[in-house]
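Enquirer: Listed below are the residues making up each chain.
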Amino acid sequence: MTQQHAWFIEHVEAFALRHLEPDEERSFRDHLERCAECRKELDRIERELAWLPMGVKPVTLRPGLARKLSRGVLGEREPVWRRVVPWAIAASVALTAGTIALRARADARNAAAQLAAASQALDAARDTLSVLRNTRKVMHAAVQMDGQEGGITILADPVSHRWNVVVHDLPQLPPGEHYQFWFITDGGMVRGTEVHTNLEHPAVMTMGMPKEGGNVLGAALTVEPAGTSSGPPRGQVLAHLML
Amino acid sequence: MAAASESPAPRGPLTLERASALRERLVARDERALEELIALATPWLLGVAQGMLSDADEAEDVVLDAFRILWDRVDTLSDDQPGLMAWLLRIVRNRAIDRLRARRRHGLRIERAQRSGVLGGEYDEPVTPNEAAHPGWHVHESVHAALRDLPEDQRTAVQLAYFSGLTHSEIAAQLAIPMGTVKTRLRLAYGRLRQALAPLKDWV
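Residue numbers (this note's numbering), protein chains in the order written: chain A, 30 to 272; chain B, 139 to 342.
No lab work stands behind these hints, which were simulated from the structure alone. Any given hint could be a false lead.
[Stated by the list, open to error] The list that follows gives simulated cross-link-like pairs (lysine-lysine, DSSO-like), each with its CA atoms no further than 27 Å apart:
id, chain 1, residue 1, chain 2, residue 2
1, B, K339, A, K69
2, A, K69, A, K166
3, A, K166, A, K240
4, A, K166, B, K321
[What the hints assert, rightly or not] Not everything, but these chain A residues come out facing chain B in the computed CB check (under 7 Å):
id, residue
5, A45
6, D52
7, R55
8, S56
9, E77
10, K86
11, A95
12, L98
13, S99
14, G104
15, A141
16, L144
17, V266
18, A268
19, L270
[Stated by the list, open to error] Have a look at the derived ranges for each label pair, beta carbon to beta carbon:
id, chain 1, residue 1, chain 2, residue 2, range
20, A, E66, B, E290, 57 to 67 Å
21, B, E279, A, D156, 18 to 28 Å
22, B, E162, A, H230, 46 to 56 Å
23, A, E223, B, T214, 48 to 58 Å
24, A, A142, B, T214, 54 to 64 Å
25, A, P203, B, D199, 20 to 30 Å
26, B, T322, A, H190, 32 to 42 Å
27, B, R325, A, D52, 56 to 66 Å
28, A, G176, B, H276, 52 to 62 Å
29, B, T214, A, L61, 32 to 42 Å
30, A, K166, B, K339, 23 to 33 Å
31, A, Q149, B, T214, 13 to 23 Å
C-beta atoms are modelled at their ideal positions from N, C-alpha and C, and glycine is treated no differently.
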């Protein structure tokens, strides 16, 4: 037995239990690749002390953790997906059905225009689904409006820098007002899109980041008076979400 | 794909036959078997990870990693390798140590280990009925007794090394003793523990 091998044999237990310094661990791993005796000894120690971690008491799982773990292992999405994906699928089906209906009814003169519009709608649906597939961050805020409890949910794709924004369960506003989506940037509030929604029809929008304003830090939803198409928010702030 | 359920851990004795069947079902990609294993093993795995990391979110990440690795590799585990639970415990502990070292906040880590410790102060705490009903509790009792029976200086060394993830040199600095003394205490302690734990068998 060489002096070097003697050191490894002496420290195999410390290696098995992770007590060595990082550089010693690296040396040990290199040695293990060519030393059957140390591998055998390592295996024996790991077996003999396999149950030592169970000296720690078990903990009571928080509600939902077991479900989260099984979803995490199986690659399933978080519950918010279960709420949003059906909308996107329904939208795609409706668009497809609409396309077929349009095609059936179209006469020779407007068929091309209708098909182009349907194709555009399908592209939009594909875009929505693409963002859904690549979502890595989900933001949600509850919104109270006229006694109704609705919400705004943002599903962010960090690769394409596009968002799916869902505004749901909010009442239709009276004439003269509209819901307005805003980007919060480090250069200030940047106007996004008007949001057309009511209690029966959630608004589902896919949008890219604004070209002005700098880095996007979050988003807000306000009620704005009709006719304001530029400038900072003037109306009631319903919700804001920060990344 | 089967829906995940929030079912409680299956009660009753875990026989070797049942453990073997669970493994076979996992190899067959039975998602219900995965849910059963999660229900059985997570209280113990989370206990280890939380004790070492002192961070519930990180601990859950570590446990999730372990189940993912198991799910991906269960068909490569040979029959002569340790059982699923022993394998998961080792993965969780190793991952937790990796995270502790990645933090590079040894001062905080040592302070935490000293302040609370995974095992510190637990020896005389009463056992609640819920705890005792966990499958695997008999293993915990045996390990706990083996640790309790160690001389105090050896038990402290094991706590810092094994349950808090400190290296020899960190323990020596923490206890203000020579590194050779740390090694000796640990060697003696693990010798006793190996003898005491030898009769324990796989239960998952």
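Enquirer: So, for every hint listed, does it hold in this structure?
Expert: Structure-based check of all given hints:
For the suggested pair K339/B and K69/A, the alpha carbons sit about 20 Å apart, so the restraint of at most 27 Å is met. Proximity of K69/A to K166/A is assessed by CA-CA distance (about 46 Å); at most 27 Å being required, the pair is judged violated. The hinted pair formed by K166/A and K240/A meets the criterion: a straight-line CA distance of about 21 Å does not exceed 27 Å. The straight-line distance between the Cα atoms of K166/A and K321/B is roughly 47 Å, outside the 27 Å bound, and the hint therefore fails.
The interface hint given for A45/A is broken, as the beta carbon of that residue sits about 9 Å from the closest beta carbon of chain B, more than 7 Å. Checking D52/A against chain B by beta carbon gives a least distance of about 11 Å; that is not within 7 Å, so the hint is violated. Because the beta carbon of R55/A sits about 13 Å from the nearest beta carbon in chain B, more than 7 Å, this interface hint is broken. At a threshold of 7 Å, the smallest CB-CB gap from S56/A to chain B is about 14 Å, leaving the interface hint violated.
Hint status for E77/A relative to chain B: holds, with the closest Cβ pair at about 4 Å, below 7 Å. With its C-beta approaching chain B no nearer than about 6 Å, K86/A sits inside the 7 Å limit, and its interface hint holds. Taking 7 Å as the C-beta cut-off, the interface hint given for A95/A holds, the closest approach to chain B being about 5 Å. Of the supplied interface hints, the one on L98/A holds, with its beta-carbon coming within about 5 Å of a beta-carbon of chain B, less than 7 Å.
Hint on S99/A holds. Least Cβ distance to chain B is approximately 4 Å, under the 7 Å limit. Against a cut-off of 7 Å between C-beta atoms, the interface hint on G104/A is violated, since the closest Cβ of chain B lies about 9 Å away. Checking A141/A against chain B: minimum C-beta separation of about 42 Å lies over 7 Å; hint violated. With a cut of 7 Å, the hint placing L144/A at the interface with chain B is violated, because the nearest CB-to-CB distance is about 37 Å.
At about 31 Å, the closest approach between the beta carbon of V266/A and any beta carbon in chain B exceeds 7 Å, and the interface hint on this residue is violated. Interface restraint check: A268/A against chain B, minimum CB-CB distance 25 Å, threshold 7 Å, status violated. Below 7 Å, beta-carbon pairs count as interface contacts, and L270/A has none with chain B, the closest being about 21 Å; its hint is therefore violated. For E66/A and E290/B, the hinted distance range of 57 to 67 Å is not satisfied, since their beta carbons lie about 35 Å from each other.
Restraint check, E279/B to D156/A: a C-beta distance of roughly 58 Å breaks the suggested window 18 to 28 Å. A hinted range of 46 to 56 Å for the beta carbons of E162/B and H230/A is consistent with their spacing of about 50 Å. For E223/A and T214/B, the hinted distance range of 48 to 58 Å is satisfied, since their beta carbons lie about 56 Å from each other. Taken as a hint, the range 54 to 64 Å holds for the pair A142/A and T214/B, whose Cβ atoms sit roughly 58 Å apart.
Checked against the given bound of 20 to 30 Å, the beta carbons of P203/A and D199/B, roughly 48 Å apart, lie outside it. Hint check: T322/B to H190/A, Cβ distance near 58 Å, so the stated range 32 to 42 Å is violated. A C-beta distance of roughly 21 Å is found between R325/B and D52/A, which places it outside the suggested range of 56 to 66 Å. Here the CB-CB span from G176/A to H276/B is close to 57 Å, well matched to the stated 52 to 62 Å.
At roughly 19 Å, the beta carbons of T214/B and L61/A sit outside the given window of 32 to 42 Å. The hint said 23 to 33 Å for the Cβ distance between K166/A and K339/B, and at roughly 45 Å that hint is violated. The hint said 13 to 23 Å for the Cβ distance between Q149/A and T214/B, and at roughly 49 Å that hint is violated.
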